[in-house]
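Chains as they are written, first to last, in this note's numbering: chain R, 55 to 302; chain A, 55 to 302.
One or more hints might be untrue.
Copies of the same chain are indistinguishable here, so a pair counts whether it falls within one copy or spans any two.
Claimed, not checked - List time: in silico DSBU-like cross-link candidates among lysine-lysine, alpha-carbon distance up to 35 Å:
(1) K217 - K254
(2) K254 - K264
(3) K229 - K264
(4) K176 - K217
(5) K288 - K217
(6) K277 - K176
(7) K288 - K176
(8) K176 - K264
(9) K229 - K288
(10) K217 - K264
(11) K254 - K176
(12) K288 - K277
(13) K277 - K264
(14) K229 - K277
Read the hints as simulated data drawn from the structure, not as lab findings. Small disclaimer: the values here were computed from a predicted structure and weren't measured.
2 protein chains.
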Amino acid sequence: MLPEEHNDRLRVVLVATRNPLNIGAAARAMSNFGFRRLRVVQPFEASFREARSAVGASELLREAELFDSLDEAIADCSLVVGTASIGERQPEVPVRRLDDGAGLVRSHLHHAPAAVLFGSEKRGLSNDDISRCHFLMRIPTRPAHDSMNLGQAVAISLYELAKEDVAPPVVPERKPASGEELERLTAMLLSMLATSGYTKPHTEEATAEKTRRMMRRLGLISKDAELLTGMLAKIRYVVDRARERGSD
Amino acid sequence: MLPEEHNDRLRVVLVATRNPLNIGAAARAMSNFGFRRLRVVQPFEASFREARSAVGASELLREAELFDSLDEAIADCSLVVGTASIGERQPEVPVRRLDDGAGLVRSHLHHAPAAVLFGSEKRGLSNDDISRCHFLMRIPTRPAHDSMNLGQAVAISLYELAKEDVAPPVVPERKPASGEELERLTAMLLSMLATSGYTKPHTEEATAEKTRRMMRRLGLISKDAELLTGMLAKIRYVVDRARERGSD
Numbered sequence: 055m056l057p058e059e060h061n062d063r064l065r066v067v068l069v070a071t072r073n074p075l076n077i078g079a080a081a082r083a084m085s086n087f088g089f090r091r092l093r094v095v096q097p098f099e100a101s102f103r104e105a106r107s108a109v110g111a112s113e114l115l116r117e118a119e120l121f122d123s124l125d126e127a128i129a130d131c132s133l134v135v136g137t138a139s140i141g142e143r144q145p146e147v148p149v150r151r152l153d154d155g156a157g158l159v160r161s162h163l164h165h166a167p168a169a170v171l172f173g174s175e176k177r178g179l180s181n182d183d184i185s186r187c188h189f190l191m192r193i194p195t196r197p198a199h200d201s202m203n204l205g206q207a208v209a210i211s212l213y214e215l216a217k218e219d220v221a222p223p224v225v226p227e228r229k230p231a232s233g234e235e236l237e238r239l240t241a242m243l244l245s246m247l248a249t250s251g252y253t254k255p256h257t258e259e260a261t262a263e264k265t266r267r268m269m270r271r272l273g274l275i276s277k278d279a280e281l282l283t284g285m286l287a288k289i290r291y292v293v294d295r296a297r298e299r300g301s302d
Numbered sequence: 055m056l057p058e059e060h061n062d063r064l065r066v067v068l069v070a071t072r073n074p075l076n077i078g079a080a081a082r083a084m085s086n087f088g089f090r091r092l093r094v095v096q097p098f099e100a101s102f103r104e105a106r107s108a109v110g111a112s113e114l115l116r117e118a119e120l121f122d123s124l125d126e127a128i129a130d131c132s133l134v135v136g137t138a139s140i141g142e143r144q145p146e147v148p149v150r151r152l153d154d155g156a157g158l159v160r161s162h163l164h165h166a167p168a169a170v171l172f173g174s175e176k177r178g179l180s181n182d183d184i185s186r187c188h189f190l191m192r193i194p195t196r197p198a199h200d201s202m203n204l205g206q207a208v209a210i211s212l213y214e215l216a217k218e219d220v221a222p223p224v225v226p227e228r229k230p231a232s233g234e235e236l237e238r239l240t241a242m243l244l245s246m247l248a249t250s251g252y253t254k255p256h257t258e259e260a261t262a263e264k265t266r267r268m269m270r271r272l273g274l275i276s277k278d279a280e281l282l283t284g285m286l287a288k289i290r291y292v293v294d295r296a297r298e299r300g301s302d
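Model the full structure from these sequences, guided by the hints.
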């Protein structure tokens with residue numbers, strides 16, 4: 055078992071979960087493996103209420119946090135990792151085997167918060183969700199039947215995440231940029247791309263995803279994110295003014 | 055993924071399962087990880103019928119085998135491994151971490167059948183069940199909350215069992231004794247112990263368990279089991295005759 059403060063840096067994020075039994079199952083597995091921070095994004099409202107108020111619902115479940123958007127749920131996380139089955143699609147973010155990916159998350163938790171995302175029972179994570187991830191972890195299921203039960207997928211992932219490190223963690227000297235910082239930068243850049251006419255209506259979504267992925271690949275540290283944000287703010291001001299003049 | 059014939063040597067054995075949802079969850083995880091042989095021992099009959107006839111029940115579930123006793127369910131297995139949580143009791147069989155134990159099971163499957171047992175939701179495996187195991191595997195859960203959901207425990211165990219070997223398997227030259235052979239030997243020995251007056255009524259159960267564990271520790275090969283059975287048969291004949299004469 056890892057020390058509590060280490061495990062408490064992990065946020066387990068359930069996105070658009072439908073079945074309250076699955077929210078309960080996720081909470082139970084978290085308790086089994088010593089994780090406490092459950093976040094739920096846009097669940098079917100009724101299903102979340104039902105899970106939270108069920109007789110015997112754990113403290114963990116009662117303290118679960120509800121968010122309207124994924125961005126808010128990962129705002130304090132400097133590493134965001136999605137989970138996916140094999141078949142789905144060709145994601146444009148790096149894909150790692152669960153055990154490899156879990157090792158990276160564990161290292162990160164030694165110094166900063168990280169989020170692991172689980173998508174809905176029917177569709178998994180959307181491309182929009184995935185564009186917020188630094189990488190995806192895949193449970194190596196059989197290609198012919200790769201769709202796992204959500205509660206079981208959460209349990210297997212947390213089992214790997216709770217394993218002890220074999221090698222001592224390398225603590226980086228510099229604080230990586232948080233999800234909030236990255237998203238602020240991304241939004242800034244996107245608004246500029248839109249204002250500047252770079253983004254066409256039919257490519258708007260694709261551009262947004264591409265931009266988010268790029269931001270994550272940069273591996274920005276917090277200090278640089280701040281610097282970049284300042285720079286972009288300046289540029290955006292100019293772009294916005296140019297646009298205003300153009301439409302005069 | 056391992057070759058099919060390898061995975062088909064694994065029997066997943068659910069002992070005294072109560073909840074049909076858990077039988078269904080076990081079947082689903084088996085399908086995810088490429089295992090097909092599900093055996094169910096003394097389930098709540100109604101719950102097994104319900105799980106098997108559920109709409110959308112998989113072929114795997116429809117082909118699950120029902121057994122009246124654990125001995126029948128493991129008769130063709132030369133390695134029997136139980137699963138247990140940490141708190142329960144001090145078992146008298148060796149206990150391994152899941153990942154270590156799973157490696158041993160995988161090696162065994164290269165040449166012979168093995169069974170992995172899961173106990174009931176409430177009580178886990180009984181001491182009587184455990185006495186039929188060569189070793190136990192433990193999922194490293196948090197001691198304060200070590201009781202796992204059955205479907206999740208099955209999923210995590212099969213996830214480890216489906217992992218590929220890092221080193222090539224060592225195929226032993228000799229065929230290990232099957233569960234049936236071991237149990238035949240054990241029963242023979244126990245009947246002799248009873249007839250001989252070694253077993254007292256109040257120690258009968260403890261003796262049976264102790265004997266089974268010892269048999270498993272021996273690591274008998276099939277040929278030797280046969281030899282031993284022949285020897286014991288001969289001895290039992292003499293013991294039985296002596297007893298008959300004694301009671302004349």
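Here is how each hint holds up against the structure:
For the identical chains of this complex, K217 and K254 are neighbours neither inside a copy (46 Å) nor across copies (46 Å), given an alpha-carbon limit of 35 Å. In the homo-oligomer, the alpha carbons of K254 and K264 lie at most 35 Å apart inside one protomer (14 Å), although the nearest pairing across protomers, at 76 Å, exceeds that limit. Taking CA atoms no more than 35 Å apart as the test, K229 paired with K264 passes inside one copy only; the shortest distance there is 24 Å, against 57 Å between copies. For the identical chains of this complex, K176 and K217 are neighbours both inside a copy (29 Å) and across copies (26 Å), given an alpha-carbon limit of 35 Å.
Taking the shortest Cα distances, K288 and K217 never come within 35 Å of each other, neither inside one copy (46 Å) nor across copies (52 Å). In this homomeric assembly, K277 and K176 never come within 35 Å of each other (Cα to Cα): the closest approach is 39 Å inside a single copy and 52 Å across copies. For the identical chains of this complex, K288 and K176 are neighbours neither inside a copy (43 Å) nor across copies (63 Å), given an alpha-carbon limit of 35 Å. For a Cα distance limit of 35 Å, the shortest separation of K176 from K264 inside one copy, 24 Å, qualifies, whereas the shortest one across copies, 50 Å, does not.
Taking the closest pair of Cα atoms, K229 and K288 come within 35 Å of each other only inside a single copy of the chain (24 Å); across copies the shortest separation is 76 Å, beyond that limit. In the homo-oligomer, the alpha carbons of K217 and K264 lie at most 35 Å apart both inside one protomer (33 Å) and across protomers (34 Å), since each shortest distance falls under that limit. Within a single copy, K254 and K176 get their C-alpha atoms as close as 31 Å, which meets the 35 Å cut-off; across copies the closest is 59 Å, which misses it. In this assembly of identical chains, K288 and K277 lie within 35 Å of each other by CA distance solely inside one copy; the values are 17 Å within and 83 Å between copies.
For a Cα distance limit of 35 Å, the shortest separation of K277 from K264 inside one copy, 23 Å, qualifies, whereas the shortest one across copies, 65 Å, does not. For the identical chains of this complex, K229 and K277 are intra-copy neighbours only, at 8 Å inside a copy versus 64 Å across copies, given an alpha-carbon limit of 35 Å.
Violated hints, listed in ascending order, are 1, 5, 6 and 7; each of the other numbered hints is respected by the structure.
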